[in-house]
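With the hints as extra help, turn the sequences into a complete structure.
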Amino acid sequence: MARAELTEADVQAWVGREHEDPPADIVCERGYILHWLEATENANPLYWDEFLAERVTRGPIAPPSMLSAWMRPLQFVPGRTEKRMPLSLHFDLKQALDLPEGIVAYNEMTLGVPVRPGDRIKTTQRIREISEPKTRRLGTGRSWIIDVTYTNQDGEVAGVETYEMFAYRREQA
Amino acid sequence: MDVNAGDALPGLDVKVTARMVIMGASSSRDWQPQHHDHAWAVDRAGTRDIFLNTPNQGGWIERYLTDWTGPLGRLGKMRFRMRRSICTGDDLSFGGVVRSVTTDDAGCTWADVDVLLSVGEERATECVARIAIPADDSDNPWDRAGDAWTPDAPGPLELQSQRKD
Chain A
1 MARAELTEAD VQAWVGREHE DPPADIVCER GYILHWLEAT ENANPLYWDE
51 FLAERVTRGP IAPPSMLSAW MRPLQFVPGR TEKRMPLSLH FDLKQALDLP
101 EGIVAYNEMT LGVPVRPGDR IKTTQRIREI SEPKTRRLGT GRSWIIDVTY
151 TNQDGEVAGV ETYEMFAYRR EQA
Chain B
1 MDVNAGDALP GLDVKVTARM VIMGASSSRD WQPQHHDHAW AVDRAGTRDI
51 FLNTPNQGGW IERYLTDWTG PLGRLGKMRF RMRRSICTGD DLSFGGVVRS
101 VTTDDAGCTW ADVDVLLSVG EERATECVAR IAIPADDSDN PWDRAGDAWT
151 PDAPGPLELQ SQRKD
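Chains as they are written, first to last, in the numbering used here: chain A, 1 to 173; chain B, 1 to 165.
Hints are computed from structural coordinates only; laboratory data are not their basis. Some clues are possibly wrong.
In silico DMTMM-like pairs for lysine to aspartate or glutamate, Cα to Cα no more than 25 Å straight-line [unchecked claim]:
(1) B/K15 to B/D91
(2) A/K122 to B/D147
(3) B/K15 to A/E38
(4) A/K134 to B/D49
(5) A/K122 to B/D143
(6) A/K83 to B/D37
(7) A/K134 to B/D43
Laid out in structure tokens, this is it:
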């Protein structure tokens, strides 16, 4: 199997690789924000009271922690033949290393300008490091760290996220 | 807002249901099957059940913090490590303690808060968050931009388990 023949140098060659996804399929809008508030039972009046939002944030904004929702591709787009994945660099690396499962172990988020209705987000991803092979309860694989920078259509940074992923293959019973 | 190191945030208890897990995944537009497909989660991913996804946990933590600060609280930075999956049927509890309160060179007041999401006696997710709070009645952290908004300025923000002191 070709993938099993990857050397450690082949794997580590992914470190520093950067990828820019195209601008997101969706724009920030009120319906998505309401769904987020519903899911987190968030009663913060900043998101429910338009007069307060006008006074405090000069108009409506999305909850800052919602950042990653704005980059995830639609599951269906007419005419699109290849499925787009969020954090495509992560999925490319999983595929290259033949590690079918993956979980997020750690997340860090540094927030910049608020995302507002009408904004369209673009991400740039970069692999910071890849671990040696390791075995955890879920299986055997590797962990890696990816930094994701989110910018709006004006080039302003809305946030930077860091993910530590563990991608693995389950042990055979 | 009068905040001091050592202040405890009010607790929050949440019963984790399948609807909550799936709605959390849906609202973050995360269609990875381990967050909505029980059979996949158990048989393929090897987890106990479907479990809360990362962005939704971030959303719950932000909600927990702003329940405390009110609408003028503005999240600047957050780190969390998920030590165990939070699955359908879990009784999830949030707790928080203010680690420090500092003011940066731009005059922004930051509260660093340790937040713990626990299930029973187990530490499920360990978080530390830095949230801007009004310095006085005339201050609005949301007005800050550019050099006046620097969540990294007060220094490192380590998870409790990473701290040396």
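Structure-based check of each hint:
The hinted pair formed by B/K15 and B/D91 meets the criterion: a straight-line CA distance of about 5 Å does not exceed 25 Å. For the given pair, A/K122 sits about 23 Å from B/D147 by alpha-carbon distance, which is consistent with the 25 Å threshold. Of the pairs offered as hints, the one joining B/K15 and A/E38 holds, with about 15 Å between alpha carbons and a cut-off of 25 Å not exceeded. Restraint check for A/K134 and B/D49: satisfied, since their Cα atoms lie roughly 24 Å apart, inside the 25 Å limit.
Taking the CA atoms of A/K122 and B/D143, the gap is near 24 Å; set against the 25 Å cutoff, the hint holds. About 20 Å separates the Cα atoms of A/K83 and B/D37, which keeps this hinted pair within 25 Å; it holds. Between A/K134 and B/D43 the CA atoms are separated by roughly 21 Å; this keeps the pair inside 25 Å, and the hint holds.
Consistency note: the structure conflicts with none of the earlier hints.
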